[in-house]
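Protein chains in written order, with this note's numbering: chain A, 1 to 390; chain B, 1001 to 1078.
Just so you know, the hints here were simulated from the structure itself, not pulled from any lab data. Please note that a few of the clues may not be correct.
Derived BS3-like pairs: lysine-lysine, alpha-carbon spacing no greater than 30 Å straight-line [what the hints assert, rightly or not]:
id, chain 1, residue 1, chain 2, residue 2
1, A, K6, A, K263
2, A, K78, B, K1035
3, A, K168, A, K79
4, A, K248, B, K1021
5, A, K71, B, K1035
6, A, K78, A, K366
7, B, K1021, B, K1060
8, B, K1044, A, K2
9, B, K1018, A, K78
10, B, K1044, B, K1018
11, A, K366, A, K79
12, B, K1064, A, K79
13, A, K6, B, K1021
Part of the chain A face toward chain B, derived, beta carbon under 10 Å [to be verified]:
id, residue
14, R282
15, G284
16, S351
Take a look, some chain B residues computed to stay more than 12 Å from chain A by CB distance [claimed, not checked]:
id, residue
17, E1002
18, I1019
19, E1041
20, E1068
This structure is a prediction, so every number in the text was calculated from the model and none was measured. Using N, Cα and C, we set each Cβ at its ideal position, and we do this for glycine too.
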Amino acid sequence: MKERTKLLIIVLVFLGCYCIPWGDAGIRRSGLEAFMMLQEYAREHVLTCLIPAFFIAGAIAVFVSQASVLKYFGSTAKKVLSYSVASVSGTVLAVCSCTVLPLFAGIYSRGAGIGPATAFLYSGPAINVLAIVLTARILGWQLGLARAIGAVLFAVITGLLMAFIFRKDDATRATGQIYLPEEDEKGRTLLQEALFMLSLVLILIFAAFAKPAEGATGLWPEIFAVKWYITGALLVGLGFMLKGWFVKDERITWVQSTWGFVKQIFPLLGAGVLVAGFMLGRPGHPALIPEHYIQYLVGGNSVWANLFASVSGALMYFATLTEVPILQGLLGAGMGKGPALSLLLAGPALSLPNMLVIGGVMGVKKTMTFSVIVVALSTIAGMTYGWLVG
Amino acid sequence: MEIKVLGPGCAKCEQTEKIVKQAVSETGVDAQITKITDAMEIAKHGIFVTPAVVVDGEVKSVGKVPSEEEVNAWIEKK
Chain A
1 MKERTKLLII VLVFLGCYCI PWGDAGIRRS GLEAFMMLQE YAREHVLTCL
51 IPAFFIAGAI AVFVSQASVL KYFGSTAKKV LSYSVASVSG TVLAVCSCTV
101 LPLFAGIYSR GAGIGPATAF LYSGPAINVL AIVLTARILG WQLGLARAIG
151 AVLFAVITGL LMAFIFRKDD ATRATGQIYL PEEDEKGRTL LQEALFMLSL
201 VLILIFAAFA KPAEGATGLW PEIFAVKWYI TGALLVGLGF MLKGWFVKDE
251 RITWVQSTWG FVKQIFPLLG AGVLVAGFML GRPGHPALIP EHYIQYLVGG
301 NSVWANLFAS VSGALMYFAT LTEVPILQGL LGAGMGKGPA LSLLLAGPAL
351 SLPNMLVIGG VMGVKKTMTF SVIVVALSTI AGMTYGWLVG
Chain B
1001 MEIKVLGPGC AKCEQTEKIV KQAVSETGVD AQITKITDAM EIAKHGIFVT
1051 PAVVVDGEVK SVGKVPSEEE VNAWIEKK
């Protein structure tokens, strides 16, 4: 962090302390809401959901071979493969925005071209494992699923549109050697790796298993009753796998990479929850922004509401995962389900700061086109979803 | 010699830069270390995944934080 940035943060915090009328009843209620929401996250989501998800993200970053995915982004790769891999590879490549932009620039200027590059840029932030898990957990599995499907589907469409609109200048791109991380021998079979990942995911699913509704019968309450036994058994199994199949260095890198994600994401997410709680409050608890404004702007499922959600999402900057608490607040205050999906799709893919970076890579005209396509497609996705669930 | 550390400024890139600087000062080789953060500039080197280290125009490591022994081996050969 630059010294200038530190100064700016201190000045802003100071001005906040100095100028905000903390004695005002509305502000007091909002301040309380901020911490109530933070507590809800701490109690409901951190131990059973976020922590296992961080370990999964760490395992993906360390154990999944990047080279095996990246080879589909070379300039000689088959187009069909480039597009399909680009639209889903965010799950393993894009946990942090710092890998997204260099990779985007690389694919665009040296690799498979503008189509796969923009497809990757669009879907990456929406389908990494942390985003999917947190969206499904907090905003409901329907919205989580819609987000994942929408991101993959519309990433391909965005990529194809971009490649079609700018089909002429694709030929002028520089070619040259590209360097990928080497594939190293790991001494594990694919089956072993798959089993390891599967048990991590199962631990997450069972540990986070939601309490079924009162009076429900059948499979769900039975699973819920034994969920800690299943989780425990899985943990023991995981322990044996770690001991038998992995060498010490690998276990250490895994923990280090998990810790890296925790350091990077936890503070931002905490701040995001506080801001969302302060502005919007928990569902059913109004805070600073009156609910009728939200209902007026993004309630229902009109074209206007969806468009407004995707345009503001495209301009706003969301730090990794903070889109989730903000949407939770908005939904609680009366936002429609369709506009929520519009914002989820357009929001993390685009922001003013990242438009500037993308502009530096592929020029103003292409960036504008990309932004317009993203906004239009996200609006359509939101309306469709709102119509389906509405 | 000229050593380039490429990365947009994430934690891993900073760690890489620190390791390279330490290796250079410990071995006492005459090297100039530059940090490249611009995405397009990184792509021009043909590098897709950061952090990456380039020594005298030769790409040495991509997508990981190198260990100090590795860095020592790259700079001592010269």
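Status of the hints after comparison with the structure:
1. Between K6 of chain A and K263 of chain A the CA atoms are separated by roughly 18 Å; this keeps the pair inside 30 Å, and the hint holds.
2. Between the alpha carbons of K78 of chain A and K1035 of chain B the distance comes to roughly 34 Å, so the proposed pair goes past 30 Å and is violated.
3. Using a Cα cut-off of 30 Å, the hinted pair K168 of chain A and K79 of chain A holds, with the two alpha carbons roughly 16 Å apart.
4. This hinted pair checks out: K248 of chain A and K1021 of chain B have alpha carbons roughly 27 Å apart, not beyond 30 Å.
5. Note on K71 of chain A and K1035 of chain B: the hinted pairing holds, with a Cα-Cα distance of about 26 Å set against a maximum of 30 Å.
6. A threshold of 30 Å between alpha carbons decides the hint, and for K78 of chain A with K366 of chain A the separation of about 23 Å falls inside it, so the pair holds.
7. Between the alpha carbons of K1021 of chain B and K1060 of chain B the distance comes to roughly 15 Å, so the proposed pair stays at or under 30 Å and holds.
8. For a cut-off of 30 Å, the pair hint linking K1044 of chain B to K2 of chain A stands: about 26 Å separates their Cα positions.
9. About 39 Å separates the Cα atoms of K1018 of chain B and K78 of chain A, which puts this hinted pair outside 30 Å; it is violated.
10. Distance hint between K1044 of chain B and K1018 of chain B is fulfilled; the C-alpha atoms sit about 23 Å from each other, no more than 30 Å.
11. Straight-line distance between C-alpha atoms of K366 of chain A and K79 of chain A comes to about 20 Å, which keeps the hinted pair within the 30 Å bound.
12. Of the supplied pair hints, the one linking K1064 of chain B and K79 of chain A holds, its CA atoms being roughly 28 Å apart against a limit of 30 Å.
13. A distance of roughly 24 Å separates the Cα atoms of K6 of chain A and K1021 of chain B; the hinted pair therefore holds under the 30 Å criterion.
14. Interface hint status for R282 of chain A: violated, as the beta-carbon distance to the closest one in chain B is roughly 32 Å, over 10 Å.
15. For the restraint placing G284 of chain A at the interface with chain B, the shortest Cβ-Cβ distance is roughly 39 Å, beyond the 10 Å limit, so the hint is violated.
16. The beta carbon of S351 of chain A is not positioned within 10 Å of any beta carbon in chain B (closest approach about 15 Å), and the interface hint is therefore violated.
17. The non-interface label for E1002 of chain B is consistent with chain A: the shortest C-beta to C-beta separation is roughly 17 Å, beyond 12 Å.
18. The beta carbon of I1019 of chain B is kept farther than 12 Å from every beta carbon of chain A, the shortest such distance being approximately 14 Å.
19. Not every Cβ of chain A is farther than 12 Å from the Cβ of E1041 of chain B; the closest lies at roughly 9 Å, contradicting the non-interface assignment.
20. With a least beta-carbon separation of about 15 Å from chain A, E1068 of chain B lies farther than 12 Å from that chain, consistent with its non-interface assignment.
Violated hints, listed in ascending order, are 2, 9, 14, 15, 16 and 19; each of the other numbered hints is respected by the structure.
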